[in-house]
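Given the structure of chain E, go ahead and fit chain F onto it with the hints provided.
So the protein lines, in turn, are chains E and F. Residue 1 is where the first sequence starts when you use my numbering, and the numbers rise one by one after that. Residue 1 is where the second sequence starts when you use my numbering, and the numbers rise one by one after that.
Think of the hints as simulated: they come from the structure by calculation, not from any bench. Treat the numbers as computed from the prediction; the structure is a model and nothing was measured. Just so you know, even glycine gets a beta-carbon here, dropped at the ideal spot from N, CA and C. Treat each hint with caution, since some may be false.
To be verified - Derived Cβ-Cβ restraints for the label pairs, each shown as a range:
(1) F:Leu147 x E:Phe207: 23 to 33 Å
(2) F:Leu120 x E:Lys157: 45 to 55 Å
(3) E:Gln258 x F:Leu129: 27 to 37 Å
As the list claims (entries may be wrong) - To give an idea of the interface, some chain E residues facing chain F are shown, with a C-beta separation under 8 Å as derived from the structure:
(4) Trp30
(5) Phe34
(6) Leu212
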Amino acid sequence: MALLRPSRTRRRDTSGNRMWLWFMLPGTLWMTGFLIASLILVAVLAVGTTDELGNPRFGFDLAGVRALADPAYTEVLARSLGYALLTCVICLLIAYPVAYTIALYGGRYKHALIAAIVVPFFANYLVRMYGWSVVLSDDGPVLRALRAVGLADSGTKILNSGFGVVAGLVYGFVVFMIIPLYAALERLDVSLIEAGRDLYGGPIRTFFFVTLPATRQGAAAGLVLVFLPAMGDFVSAQLMGGPDQIMIGNLIQDKFFQGQNWPLGSALTMLLMLVLLIGMLGYLRRTRKDEAEALR
Amino acid sequence: MTLVSTPSATAPAATSAPVRKRRRSHRRPRVLIAVTGLFFALLYLPIAVVALFSFNSQKSLTVFDGFSLRWYRAFVHDDVLIASLGTSLRISLVAMAGSVLLGVALAVGLVRCRTRLGSLAGLVMLVPLITPEIVTGVASMLLFKGLGVPLSTGTVMLAEITFSISYVTVILRSRVAALNPEVEEAAMDLGATRWQAVRLVTLPALLPAVLASAVLIFALVFDDFVLAYFTTGVDPQPLSVRIYSAIRFGVQPTINAVGTLMLAGSIALIALALFIPRLFGRRGGLDILSGE
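Looking at chain E on its own, in the form it has when it is part of the complex:
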């Protein structure tokens, strides 16, 4: 009989909230303790020092931050920015037609095709990158094919050049562009394109005045999703570029593993975060504006 008694807890009471807080607590504490604390530690160590054994010692020493002004580092930062931005543009140029084709002409194979793109990207990054470097190597299939059709001569190289690094980054992260673009194109109302055609817009005009504006949020999300990992990557520059193609990720890795200059490494890490933060804020402002326009 006790079971049939109406529960005393009513719908909008707060007694449940306390239990939900208990649900959230372990995960949140874990994340705060390990993640937020460790990120703060990076910021603190950027202005700290290390002892002879490399253990962090806290204090206030701007040597690490000041060293960033060294032209050698600003050059690497500029190169990283250039490569990451170039990667974004190339990813957009590749991903748009692919996402467009699958979303609009994929028919019942749509999901299978997208899965075929996504699944390998979750497989081991190093092995994929290593395979890509083999494919692009001087006697690999890509250069051999290009030579056969006369688009390259025997001196053409892809690996050990800036082009190799960007090719690696594109291969590594293009999926992060395809997914949001595909989602945007799937939502696109095809009758808009038809309306553009009915109004005598050619395919190109229709694309630039209808399709592209309608999917720009997907493109913006893709640009951020590619830019973030591309800026932080150090594998591509190592496997596909030469020693003179290093990016900021390689510098950070070097300062922590070979150079043992942890304050400088931390300062470089903070610099990387700063650049990405600026990118993120730009993206957020852009999407806010888009949303405001959509509401008007």
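Just chain F, lined up with the frame of chain E:
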């Protein structure tokens, strides 16, 4: 009446011409399909090359001399690589268990708890997803060094759990939000305590997504390189870290064999994660990967 009935007789004939015309203007664009085909070829070419040359009887990566399993035999007899494989498996299992436990609870709490503390926790959870791995790797390493904890397999496990919680929570969050809280309330009206309602109603409903995220986390952690690279010590290093040091020093055909096994393993796991929701009679599963 006539106004209603006549269109059905005449409309198809009247509209069929423009429709056919429109269809023709939407003919399959050959260029787009060619570009997509080329993209797929380049996407799978590196994977195919690694797999093919793992069966090469010679050391070359450009000339295929004949089928042989010698590099797989070399891997099986390589004690260092086998020890690394064991390390990676242990890390993945621990990270999977830890992050699923914490992440599922966090997801349920985040959706149901509408307090300011809850939205703050929601923000904390998103941090790893927008931070590049090298930053989180450096940060984790500094934390362990700062606390005086020697780097080891254990520190890799802790770091991997931290960053996997976010994935579990993102995947589960939308699933929890899609559940009708009134079902839980109905259970409580029938005498269940709040905890019983969660255990007997909510969690079973989430089971497919929980299993899928567990498989996904296992694959992601097993394949992870950057975090493991920064937080591993002198124990048998995780397999991906071992592969990294091997491929930096030129071609090693054994790595082709290991790499092929890893690719096959993770592709199978991801496919399984996509397929799990379907096993439970739900339309599956790409949204698992995008968190939508």
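For each hint, the structure was consulted:
no. : hint                            : result
1   : F:Leu147 x E:Phe207: 23 to 33 Å : 55 Å, violated
2   : F:Leu120 x E:Lys157: 45 to 55 Å : 51 Å, holds
3   : E:Gln258 x F:Leu129: 27 to 37 Å : 30 Å, holds
4   : Trp30                           : 6 Å, holds
5   : Phe34                           : 4 Å, holds
6   : Leu212                          : 15 Å, violated
Of the numbered hints stated above, those contradicted by the structure are hints 1, 6, listed in ascending order.
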